Amino acid sequence: EFDELCFEFGLELDEITSEKDIISKEKGEEKAKGASDVVLYKIDVPANRYDLLCLEGLVRGLQVFKERINLPKFEKIIPAEGEGQRLIVTEQTAQIRPHAVAAVLRNITFTKDRYDSFIDLQEKLHQNICRKRALVAIGTHDLDTITGPFTFTAKAPSEIKFKPLNQSKEYTASQIMDLYRTDSHLRHYLHLIENKPRYPVIYDSNGVVLSMPPIINGDHTKISLKTRNVFIECTGTDITKAKIVLDIMVTMFSEYCEKPFTVEAVEVVHPNGKTHIYPELAYRTEKVKPEYINKKVGISETPSSLAKLLTRMCLKSHVTGNGNHLEIEIPPTRADIIHACDIVEDAAIAYGYNNIQMVIPKTYTIANQLPLNKLTELLRLDLAAAGFTEALTFALCSQEDIADKLGTDISATNAVIIANPKTAEFQVARTTLLPGLLKTIAANRKMPLPLKLFEISDIVVKDPNADVGAKNYRHLCAIYYNKSPGFEIIHGLLDRVMQVLDVPPNEENGYTIKAAEGTAFFPGRCAEVFVKGQSVGKLGVVHPDVITKFELTMPCSVLEINIEPFV
Amino acid sequence: MAGGNQGTLRLLERLDQPGASGGLCSIQAAAELGVDHQTLVGAVKSLQALGEVIEAEARTATRWELSPEGEEVLRDGSPEVRLFRSLPEEGLPQGEAMKLPGGSLGFSKAMANKWVRLDKGAPGGPRVLRAVPSVQDTVQEHLGQVRTGGAQAVPERDRSELKRRKLLLEMTLKSYWIRKGSAFSTAVARPETELTPEMIATGSWRQLPFKPYNFSSLGLPPACGHLHPLLKVRSELRQIFLEMGFTEMRTDNFVESSFWNFDALFQPQQHPARDQHDTFFLLDPAEAPQLPPGYYNKVKKVHSQGGYGSQGYRYEWKVEEARKNLLRTHTTSASARALFQLARQKFTPVKYFSIDRVFRNESLDATHLAEFHQVEGVVADRGLTLGHLMGTLRQFFTKLGLILIPSGLKKWVEVGNSGVFRPELLLPMGLPENVTVIAWGLSLERPTMIKYGIKNIRELMGHRVNLQMVYDSPMCRLDV
Chain A
1 EFDELCFEFG LELDEITSEK DIISKEKGEE KAKGASDVVL YKIDVPANRY DLLCLEGLVR
61 GLQVFKERIN LPKFEKIIPA EGEGQRLIVT EQTAQIRPHA VAAVLRNITF TKDRYDSFID
121 LQEKLHQNIC RKRALVAIGT HDLDTITGPF TFTAKAPSEI KFKPLNQSKE YTASQIMDLY
181 RTDSHLRHYL HLIENKPRYP VIYDSNGVVL SMPPIINGDH TKISLKTRNV FIECTGTDIT
241 KAKIVLDIMV TMFSEYCEKP FTVEAVEVVH PNGKTHIYPE LAYRTEKVKP EYINKKVGIS
301 ETPSSLAKLL TRMCLKSHVT GNGNHLEIEI PPTRADIIHA CDIVEDAAIA YGYNNIQMVI
361 PKTYTIANQL PLNKLTELLR LDLAAAGFTE ALTFALCSQE DIADKLGTDI SATNAVIIAN
421 PKTAEFQVAR TTLLPGLLKT IAANRKMPLP LKLFEISDIV VKDPNADVGA KNYRHLCAIY
481 YNKSPGFEII HGLLDRVMQV LDVPPNEENG YTIKAAEGTA FFPGRCAEVF VKGQSVGKLG
541 VVHPDVITKF ELTMPCSVLE INIEPFV
Chain B
568 MAGGNQGTLR LLERLDQPGA SGGLCSIQAA AELGVDHQTL VGAVKSLQAL GEVIEAEART
628 ATRWELSPEG EEVLRDGSPE VRLFRSLPEE GLPQGEAMKL PGGSLGFSKA MANKWVRLDK
688 GAPGGPRVLR AVPSVQDTVQ EHLGQVRTGG AQAVPERDRS ELKRRKLLLE MTLKSYWIRK
748 GSAFSTAVAR PETELTPEMI ATGSWRQLPF KPYNFSSLGL PPACGHLHPL LKVRSELRQI
808 FLEMGFTEMR TDNFVESSFW NFDALFQPQQ HPARDQHDTF FLLDPAEAPQ LPPGYYNKVK
868 KVHSQGGYGS QGYRYEWKVE EARKNLLRTH TTSASARALF QLARQKFTPV KYFSIDRVFR
928 NESLDATHLA EFHQVEGVVA DRGLTLGHLM GTLRQFFTKL GLILIPSGLK KWVEVGNSGV
988 FRPELLLPMG LPENVTVIAW GLSLERPTMI KYGIKNIREL MGHRVNLQMV YDSPMCRLDV
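The listed protein sequences correspond, in order, to chains A and B.
Going by the working numbering, the first residue of the first sequence is number 1, and it counts up by one from there.
Going by the working numbering, the first residue of the second sequence is number 568, and it counts up by one from there.
No false leads were mixed into what you were given.
Derived DSS-like pairs: lysine-lysine, alpha-carbon spacing no greater than 27 Å straight-line:
| # | chain 1 | residue 1 | chain 2 | residue 2 |
| --- | --- | --- | --- | --- |
| 1 | A | Lys374 | B | Lys966 |
| 2 | B | Lys865 | B | Lys885 |
| 3 | A | Lys226 | A | Lys112 |
| 4 | B | Lys868 | A | Lys132 |
| 5 | B | Lys885 | A | Lys196 |
| 6 | B | Lys868 | A | Lys274 |
| 7 | B | Lys666 | B | Lys687 |
| 8 | A | Lys27 | B | Lys1022 |
| 9 | A | Lys66 | A | Lys42 |
| 10 | A | Lys20 | A | Lys33 |
| 11 | B | Lys1022 | A | Lys422 |
| 12 | B | Lys885 | A | Lys462 |
Far from chain B, some chain A residues (derived; all Cβ distances over 10 Å):
| # | residue |
| --- | --- |
| 13 | Val64 |
| 14 | Glu81 |
| 15 | Asp144 |
| 16 | Asn166 |
| 17 | Pro260 |
| 18 | Lys308 |
| 19 | Lys532 |
| 20 | His543 |
These aren't lab readings, by the way, just hints derived from the structure by calculation.
Please read all numbers here as calculations on a predicted model, not as lab measurements.
Where a beta carbon is used, it is the ideal one built from N, C-alpha and C, also for glycine.
Sequences and hints are given; from them, build the entire structure.
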């Protein structure tokens, strides 16, 4: 039943499990002993629905969807002049983490579950929209342990000294970095500020360190179940996301304040003297025509029915102007709604995808094949008919495969080089199909001889004239592997290919082969293929060194040509 | 063949002699006829193929033979006896005893038999002395018995001991017990195996008997080439798209700029997919020399400031980020290029498809490779709806032999991905505002693995493919 509800709401119930199940699956039953049996529902939430990341938001969303409650109106309370909290941003932050926003949750009541959820939401946001704290980092503090105004600045690591969260003594910022170098969780964030001359830090008016974002909070200000007033700061490199994160934090947890759904504003003072009041908690109104929604989804609902569907999706809507328009209020929890098409999507979810009638578009078109692919398809059939078997090898390979092993230098290959390969198998894009075929034979040495293989696929080379600086070429490569090299067989295959391509064997308007050299070929056993005077590739007996380097033992001959001139 | 024929005839004649009425053992018959046993078995088999001429019952016989070492022992005596006999009355120091005929093997066997003893306390070191006055070489005797065909007379225990000592070999011999059959005749004409041009010319085939064919064995496989199963599915999918009126898009650039791969698709620059962990970036050429002038400014604007009715992502869009070259992570980049070209001219509705390689910097396992094929379909027309998307998908997947339970888009994601392109993607290209573009994608490998029952993707794509699998794979008929 819950599965169905999730589905109707556009979510996917991934798994029903428990802590015990998870641990026993990952670490074995022994370790799971004593773990909780409480049923856990794992739900897949769309990546941009930050309002559904915690139980508070999910329950609220489902309640609204089931029309049990109305979406609460979130209210920003601006304290009287001189009584509110202020966060002063200094210009030193500009080089490292220029943005900061903040808010206060007054008279909040935590329970164990609420507290856990509060911490968990921060972690989920950090991993998700905050891009592992690179864009935004959240700090939450017990306001009663500190005195404003607060200062967000950046200092040399040696000048920052405080007791980090859950530590027993003070460390300098440099020592803190060393301390967490092996921390399974925090070590992933160190690179964000390490090697920078100054680290970001937030102080209160007495010099107490609130946090050193994006690494760690101070121990002094840590929140507990007893905390009543929470100071939330979000610092980062992306102001839009910082604002969204702050809005999500306060809209989710202001529910537990003495005056539910109210948030106390904080004034942020910028280095240029300008001030901003946060959280934004902005409500935006979008006007959308009902027929726009109906047309995009493929339904014909009345304006009022659409308004009701949208309201159930936390997008409070009503019909205006003789029913010609819907006015939709986008709450601060729905930062994902950035265009009318997002409203359409929510209407479709609420309507139910299953209820939408499937229609085949009337779009009338004549199909065309890409000429190069059409030629490839035809050639594949003729090569198989000639007794060769198709291989399908990787477009990525090691430098060695296309250079050293073929007796040439990588600089001579003009190959595209990959910056971040996880293994040597993905260092470059291939510039020839030959290594792939040789490797295929090496992996199939137990098969009866002769082995006759071909592949028609793309190779890649650098080309400064191409818009991306590299270009694909469609190559045909065939190999004959047996106790004797069988040059005449590969030569015969070339003749057959030219025959089916309707290219006659002559110099003027057909093809010829001329003795040539190639590092991959046995000297005197290599020829270049010319079509209408233009070189398209080579054929010949593979050099014994190449055979050995690809861990093969038999002689073989190959043909490799570019087929693009034949399109 | 002639020799075989002769063997057959001689066997039949031997069977016809008085005294063979109870049957013959093939081994014995071979010895009598002076032919190799294997030749005789061939004759038996060819006679069996003729029907009831003979009856042959398969038997298994065990024969004991001496190994080369056994022959040596038969000639010279067993090592233990040779040692014992060479040992002088007063014995020898252990080191010297080891050098006697029979050596250390003989010594240890003689010790085990308690024929000799070792006096550890003897002056000048341990000394080997006789422990019994005389011994009998039963090993040699037993081997002699076996040699003269009396293996059965040797007690079983001793036989297996001799086998363990590798002096005796146990040979299993398959033989036949041959009797006359109900249609026995010594005048069996050798039936012809094949029709020949001469028989046709002379008409002799009318009088000749022909050997029956064995229809239960397999024929000779034809010498032929084979297409790769994954590419057979690719051909089939191309066919399906063509049947549905879809035109093939250009996809001939594995190298793509981040601009076309991400930015043009309204993918923000901080998106996790743009991480080093998921995408192959290029060292050389690291950057795309050209971004489409004019259009890239519009993309920049819609990301950083919004427009076209969108709020945008409101972040600082960096052209350096867009120029970063990569190996395309999806063919949607090619679709974006095709739509951009479409927007250059007066709009006409289109249906596009592509099937080509894409690359992910992923950890490899049984279902993930760093490169695979993506299948993509795109329809651009005025007034397309979600209902049209779902209708198109149903039509497509039905042709693929996958009947979809109409349970909405979310469930279809299991097979692939589908959706409606955002206005932030289409309008900066210059497509008319009322044009909707629906699209879907899936991997080529997934349906292929299902179709051909392949569990490990590495057996399907790449050089580690098993060519036998390629040789043996059936044609691809997805709708059957």
